[in-house]
Amino acid sequence: MKFTVHNLNERLQLVIIGAVVGVGGGLASVALNRSLEWGAEFLHPYRHQWYSLFLPACGAALSIIFLLYLAKDIGGHGVPEVIYSVVRRGGLIRFRSSYSRLVSCCLTIASGGSAGPEGPVVISGGSVASNITSFFRLRDRQRIVLVGGGAAAAIASIFNAPVAGIAFSLEAIMGEWTPTNLITVGVASAIGTEVSRILQGNQIPFEGPPFVISDIDVVACLGLAVFTSFASVFFIRLLRYVREISGKAIPILWVRAACGGLLVGLIGLLFPSILGEGYGAVRTVIGGNFTEGLAIAGLIALAKIAATTLSIGTGGIGGIFAPCLVIGSFVGLFYQRLLVYLIPGLHWAGEPYFALIGMAGVISSVLQAPMTGIFLITEITGGYEVLVSVLLVSVISVTMSRVFEPYSVYHQELVAHGELLRPRTDRKVLSELTIMELLDHNYKEVPPEMTLGEFVEIVKQTSYHFFPVIDSGTERYLGLIHSDDIRSYLFDSNLYNSLLVEELMDPTVPTISLDDELPEVLDIFEYGHDSTLPVVHDGRFLGLISKATILDHYRKELIVEEEI
557 MKFTVHNLNE RLQLVIIGAV VGVGGGLASV ALNRSLEWGA EFLHPYRHQW
607 YSLFLPACGA ALSIIFLLYL AKDIGGHGVP EVIYSVVRRG GLIRFRSSYS
657 RLVSCCLTIA SGGSAGPEGP VVISGGSVAS NITSFFRLRD RQRIVLVGGG
707 AAAAIASIFN APVAGIAFSL EAIMGEWTPT NLITVGVASA IGTEVSRILQ
757 GNQIPFEGPP FVISDIDVVA CLGLAVFTSF ASVFFIRLLR YVREISGKAI
807 PILWVRAACG GLLVGLIGLL FPSILGEGYG AVRTVIGGNF TEGLAIAGLI
857 ALAKIAATTL SIGTGGIGGI FAPCLVIGSF VGLFYQRLLV YLIPGLHWAG
907 EPYFALIGMA GVISSVLQAP MTGIFLITEI TGGYEVLVSV LLVSVISVTM
957 SRVFEPYSVY HQELVAHGEL LRPRTDRKVL SELTIMELLD HNYKEVPPEM
1007 TLGEFVEIVK QTSYHFFPVI DSGTERYLGL IHSDDIRSYL FDSNLYNSLL
1057 VEELMDPTVP TISLDDELPE VLDIFEYGHD STLPVVHDGR FLGLISKATI
1107 LDHYRKELIV EEEI
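The numbering used here puts the first residue of the sequence shown at 557, with every later residue one more than the last.
Any given hint could be a false lead.
The calculated lysine-lysine pairs, modelled on BS3-like cross-linking and capped at a C-alpha distance of 30 Å, are [said to hold, decoys possible]: (1) K628 / K804; (2) K1112 / K1000; (3) K1000 / K1016; (4) K1103 / K1016; (5) K1103 / K1000.
If you anchor each label on the Cβ, the simulated ranges turn out as follows [what the hints assert, rightly or not]: (6) T734 / E1082: 26 to 34 Å; (7) P962 / Q605: 41 to 49 Å; (8) D1027 / D1086: 18 to 26 Å; (9) F691 / N845: 46 to 54 Å; (10) P828 / R567: 48 to 56 Å; (11) F960 / P807: 18 to 26 Å; (12) M992 / F960: 23 to 31 Å; (13) I808 / Q605: 24 to 32 Å; (14) P807 / E1010: 58 to 66 Å; (15) L755 / Q605: 31 to 39 Å.
Simulated from the structure, these hints should not be mistaken for lab results. Beta carbons: idealized from backbone N, C-alpha and C, even for Gly.
Input sequences plus hints: build the corresponding full structure.
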């Protein structure tokens, strides 16, 4: 039995169902956290054995085997798939994605794969939201808003950071800060956070010592922004390179992931702190307890970048939030120790301060989402007193990284395939329309062997201006006649028996296929001089499409989008 809530005000519907979605997202995050804790405890005795270098390979292979062959789901670390569902599928996400990525992610991270739990839990929260909206038979636009709420609840509850969850959803997933989105996503994020706090306690994940900073430290942050931006660009490009090269070199997915995991295990022998999500290493740095030297701090940052690109780039399941936090903390630590080494006479702020700022810079740049970075770092560290520094580094780092990498790590694949459609842009509005719904049937089909005289009689009896020429035997489209183009022939009775329709038709008129995208169809209209074109698919004539009809439906669709 299906339930409907259409008797409620639409925005009230979204708020109420958003609260339900928040519970689902919160529970998904708690389940993943508990699973990761159990997995870490179970494998801890084996971490110090020689064969521990094979653990990441085994975990990566098992995660892919489970995902593809048991859960029958697709690969990927989660967030791009949620964005694709929002921009292309009306927020539809399969139910199996609500659990498949959680299990696969747990296998990857618990075995030592360098990844975070955030991407999989985002698609899990989005899947819960998508299927709840289908249960209540809501429209696509309502589903999209609630999928954003599910993603926000997942991020908020896994980090105990409700505002960061809202910022991430609106900035990275939905790309639109509207009142309806903000209210619904905010409710889901708050409820998800509260569910997590009830079940896991209200704790700040990376609480550090009080910060004592001066103006010179704030100024020095400008230099740190340069370091974090270049670290982010290097990370993004290396991840893309590993994904492309491994995909070509090793076509079998689970073998590819296992090879990446084996290399991660080798790196882990030298730098054990890069294994897994790496939150322990972040707590060590934020707590001011990292005792190794300047060079080791820099090497760990590079090792974490390498391990993460090998884990995720070869197909391992996991997110990039946690690796960004580790990379950023060690970049900040390296920068602080470099300042002390180069300018020892000044009294610099402590290592935790620069580590915290470095985390904000890296995560903002990699995600191309400065608001997410700002709110996330201040919430998960409780470092509200350094908000100005966090803001400066986040904004400057994002601005600099965009010069070299204009799109975030989440958006690159979508952009490459022309699938990144943002709300209220022309491509997004046109993507909501289909060629089939725009077909015009105001025409009369004529055979090629018809004489001009017979054609004139048809013209007299109809008000149509377009006449597609269809082969009588094969029913294939041959060409198009526009009555205005042959007007001089219509009034010459001497030609009525000597001219055939096939001599009057224009076979060079561009044709439109059902596979064509409407933006490309408009380009055809723009570069040609035709206002109406035939739609032909597999040789069969389906109807006509006009530029005026497209623009009329475009305006109507834009009005509908403004209503929510």
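These are the hints, each one checked on the structure:
1. K628 / K804: Roughly 23 Å between the alpha carbons, so the hint for K628 and K804 holds.
2. K1112 / K1000: At roughly 28 Å apart (the allowed maximum being 30 Å), K1000 and K1112 satisfy the hint.
3. K1000 / K1016: Roughly 12 Å between the alpha carbons, so the hint for K1000 and K1016 holds.
4. K1103 / K1016: 26 Å, holds
5. K1103 / K1000: 20 Å, holds
6. T734 / E1082: 26 to 34 Å: 31 Å, holds
7. P962 / Q605: 41 to 49 Å: 45 Å, holds
8. D1027 / D1086: 18 to 26 Å: The hinted range 18 to 26 Å holds for D1027 and D1086, with Cβ atoms some 22 Å apart.
9. F691 / N845: 46 to 54 Å: Since F691 and N845 have Cβ atoms about 49 Å apart, the given range 46 to 54 Å holds.
10. P828 / R567: 48 to 56 Å: Since the Cβ atoms of P828 and R567 sit about 51 Å apart, the hinted range of 48 to 56 Å holds.
11. F960 / P807: 18 to 26 Å: About 30 Å separates the Cβ atoms of F960 and P807, which means 18 to 26 Å is violated.
12. M992 / F960: 23 to 31 Å: 42 Å, violated
13. I808 / Q605: 24 to 32 Å: 28 Å, holds
14. P807 / E1010: 58 to 66 Å: 60 Å, holds
15. L755 / Q605: 31 to 39 Å: Because 34 Å falls inside the window, the suggested range holds.
Hints 11, 12, counting from the list given before, are not met by this structure.
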